[in-house]
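What follows is each chain in one-letter form.
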Amino acid sequence: MTTTEFQNPQLGAILRFAMRVRQANMFLVLVLALFMGLSFGGIMIIVTQPLLLTSWSHFFSHPGGTIASSFNTVWFAYEQLFQGAVINFHALRVLIDDPSKANLGIVLGPLSATLTYATPLIVAGLGLAIGFRSSLFNIGGQGQVILGGVLALLVGFSIHLTPILQVPLEMLAAIAGGAALAGFAGVLKAYTGAHEVIVTMMSNYTMIAILGYLLIQPLFARPGVLDGASKAVGVSGQLPYLFSHINSSLLLNVGFVIALVAVIAVQWFFNRSKTGFELLMVGQNPDAARVAGIFSKRSIIICLALAGGLLGLAGMLELTGVDHFVTPNFGGSYGFDAITVALLGRNKPWGVFFAAIFFGAMFSGGEAMQAFTPTNIQFSLADVIQAVVVFCVATPALLVEIFHLRGGARLVSNNNTGGWI
Amino acid sequence: MKLELRGITKRFGSLTANSNVNLVVNPGEIHCLLGENGAGKSTLMNILYGLLIPDEGQILIDDEVVTIADPKDAVNHGIGMVHQHFMLIPVFSVADNVILGSEPVRPWPVIDYKAATTRLLELAKEYNFEIDDPNATVENLPIGAQQRVEILKALSHDASVLILDEPTAVLTPQETDAFMVILRSLKASGKSIIFITHKLREVLALADVITVMRLGEIVGVTSPAETDERGLATLMVGRSINFVVEKNPATPGDVVLEVQALYVEDARGLTSVKDVSFDVRAGEILAVAGVQGNGQTELVEALTGMRHPSSGNIVLNGANLAGQSVRHFLNAGVGHVPEDRQRYGLIPSLSISDNLVLDQLDDSRFRRRFGRNLKAIKANGAALRESFDIRAQSEEAPVGALSGGNQQKVVMARELSRELKILICSQPTRGLDVGSIEFMHRQIVDIRDSGVAVIIVSSELDEVVALGDRVAVLYDGEIQAIVPPSTSREEFGLLMAGAGADKATL
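Residue numbers (this note's numbering), protein chains in the order written: chain C, 1 to 421; chain V, 1 to 506.
Please keep in mind that the hints were generated in silico from the structure rather than gathered at the bench. Don't be surprised by glycine CBs; every beta carbon is placed ideally from N, CA and C. Keep in mind that the hints are not guaranteed to be accurate.
Stretch-level coverage of chain V by chain C, calculated; a stretch enters the list once three of its residues show a Cβ under 8 Å from a Cβ in chain C [stated by the list, open to error]:
hint	segment
1	317-328
2	340-347
3	355-369
EDC-like, lysine to aspartate or glutamate: derived pairs with alpha carbons at most 20 Å apart [stated by the list, open to error]:
hint	chain 1	residue 1	chain 2	residue 2
4	V	187	V	177
5	C	274	C	287
6	C	348	V	446
7	V	125	V	158
8	V	187	V	217
9	V	421	V	258
10	V	2	V	29
11	C	274	V	177
12	C	274	V	362
13	V	421	V	490
14	C	274	V	363
15	V	247	V	258
16	V	247	V	29
17	V	187	V	208
18	C	297	V	103
Examples of chain C residues lying across from chain V (beta carbon under 8 Å, computed) [what the hints assert, rightly or not]:
hint	residue
19	268
20	272
21	287
22	288
23	290
24	291
25	292
26	293
Can you build the whole structure from these sequences, using the hints too?
See the structure below:
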């Protein structure tokens with residue numbers, strides 16, 4: 001490039017516009033990934049429905065009818081998926097005819113369910129994204145979620161203050177627990193070279209075992225129950241529902257607001273804070289960070305502790321927002337789902353936010369699809385669609401090849417994970 | 001087997017790595033290929049081994065033109081290569097590593113380990129190699145022994161020409177002696193050896209023919225009988241672009257940096273800087289000359305806090321910084337333009353603005369009450385881009401997209417924008433085009449004239465002479481002498497070859 005190009009304001013504007021179009025490519029990848037996921041899911045529906053398969057065996061006598069019935073089935077399933085995840089059109093029509101609180105509650109129901117499910121995932125995804133952007137691979141999400149949940153539970157049932165005091169106290173306990181667990185892995189990595197993947201992965205099993213042990217101890221176990229459920233968090237320790245005044249079935253709680261704040265905080269952390277910038281430096285080029293006087297051991301510990309703190313917080317949000325007690329399966333697959341969420345969100349805070357909401361939508365939509373389709377299309381179909389979408393987003397090279405996108409190569413090496421994923 | 005390279009030219013973009021290179025290796029000959037890093041030795045050998053395809057030229061074996069498209073072709077033609085970084089599998093045994101890729105099988109797919117061990121021992125006996133235990137795990141062996149395994153591996157493929165890429169770079173002196181014995185016995189059994197190095201002493205001890213390369217061209221073919229270390233050093237660093245730096249005589253002020261009896265160990269624990277003492281005054285440039293690999297890297301690392309010296313003092317403005325952290329050195333006013341700017345100086349994925357403040361995150365100019373002041377960082381980026389003429393779309397462009405010269409400008413601009421007491425530049429113009437070289441030299445002279453002490457480490461003798469107000473010559477980790485830049489080229493050649501018995505200090 002020659003200098004004249006930069007001196008010419010018009011050309012400069014064109015170049016800037018070109019840069020913007022390039023960024024739109026990521027959007028294109030998302031759209032195409034969704035298309036791929038839905039197409040693949042559609043094929044799965046067709047080949048798993050006996051009725052449709054029978055009609056395909058008569059394809060050559062009634063081609064139009066076969067295609068139409070296949071299309072209708074798939075369309076109806078996806079309609080239920082969408083209505084279960086976002087908004088139910090029928091309920092909306094009822095609401096317009098009869099604007100009452102009860103009807104408004106029904107309209108908002110699916111969205112509330114989606115966001116409720118997404119809330120802990122947002123926070124957990126943020127935690128993992130912090131690690132990935134600094135080239136640290138924290139596999140211990142599950143253990144950190146469990147520890148955060150258990151400590152929040154301890155605070156939740158043992159003291160009774162006003163929610164204004166108790167909820168922050170629970171958050172503090174959960175964040176401290178997760179941060180200590182992951183930070184310990186950071187100390188081991190920084191001072192002994194123990195690989196964080198191994199240490200954090202093993203900490204998962206340790207925490208699962210500890211949880212199982214705690215739940216049969218009198219301190220935690222709910223009296224008179226044999227299924228391993230714990231005592232419940234007191235009312236003052238539960239996250240208040242945001243829209244319960246409209247309808248008591250709307251479970252969306254303050255946790256979502258906390259998650260939003262966390263997104264903004266992490267965004268600020270990487271863009272604005274000195275420590276966040278140092279973590280980026282160490283993650284992207286540890287040698288240059290060292291020349292610039294940055295103590296990378298400290299960065300490793302801070303980074304993992306922050307990540308663990310967010311995962312602990314996710315455990316607390318799950319506990320105090322939804323079930324209010326702990327079972328031996330507490331935390332479920334959050335730790336691992338969050339890896340996928342971070343990947344889908346390309347480790348950007350708002351990306352993680354929307355990725356988690358997408359996961360939440362597929363979850364609540366999948367339930368609706370299974371309930372309302374005539375042949376009860378399995379819930380796991382939503383998982384299939386979700387998996388294909390993640391697969392496509394994680395391997396943009398594949399989409400670039402399939403759809404012959406132009407200049408897509410730079411998308412491939414652009415996920416800030418230092419080569420881990 | 002007679003090997004000939006005829007008219008080999010290889011270009012990478014605008015860089016010509018090999019230009020019309022002719023080379024003949026006769027059977028039973030140890031042929032040393034001598035030259036500094038970047039002279040094109042490795043490119044030439046990678047072409048011979050099929051890792052690179054030449055743009056022009058031919059490879060002849062026994063006077064017949066052959067095509068070598070990949071390493072497999074090379075092996076089939078009897079060419080073996082021992083890389084500087086061994087291509088061994090650390091957790092495999094010696095025998096396993098040697099048979100890797102050509103495992104004897106009995107019946108397929110069972111590997112006949114007994115035959116493998118027998119073959120290994122036969123080979124070792126044939127070439128007088130000491131193999132104590134063919135079943136020893138490679139990672140537990142000393143480096144010298146690992147190298148013997150690597151050579152055996154090449155020999156097991158019936159190589160008649162062996163390419164050894166800087167084989168002694170990783171060896172201790174004792175291992176080097178043992179290695180030389182091996183080479184002589186290989187030669188005695190009729191193998192030809194191409195030996196890449198920049199260590200003059202070994203070349204003179206071993207070579208039958210010496211080919212010296214510089215900037216992609218062959219600048220001399222000679223033999224130990226016809227030359228000496230001085231002659232070789234002059235050939236290696238001799239002729240190049242003519243640097244012209246306009247500068248007034250220095251006006252040295254107070255001593256800024258005083259280095260006293262400094263000893264530094266390298267990553268392998270070998271002492272690579274020995275008893276180095278010198279001082280640098282404000283407003284003068286001390287240039288450090290020497291053939292690469294004589295302790296320059298470790299010296300710079302010690303002077304910037306990257307590597308802690310094993311003993312000695314680094315006194316900056318009266319305070320001893322030896323053993324302190326990098327941050328201490330930076331805060332004390334040490335500017336550092338590292339040798340490998342891509343790896344140590346920049347974070348390619350971050351913007352120019354961000355890279356311009358990498359080591360200044362604590363500077364109040366770039367801080368707000370909480371967090372970094374992005375506006376100020378961007379403004380700083382725009383201002384430095386303007387004044388250093390960094391060619392880029394904007395100061396927000398990622399630094400990895402810039403050319404080498406512009407990247408070096410970013411590093412230099414960053415260091416000069418701090419308050420410096422001393423600036424240490426290692427190979428400040430390596431790989432840059434003539435325009436950028438002039439620009440860098442101008443900056444260095446300007447910062448000197450503003451009263452900052454400067455240390456330049458360069459393996460380009462012309463650069464050293466053009467920039468330095470005094471020149472320290474390093475050989476084998478020791479300062480041979482500190483001389484004025486007007487010293488004759490022959491004298492420099494002598495000093496760079498380690499003949500500094502009468503240490504004349506100016």
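Q) Honestly, which of those hints from before does the structure not fit? A) Hints 6, 8, 11, 13, 15, 16 and 18 contradicted; others consistent.
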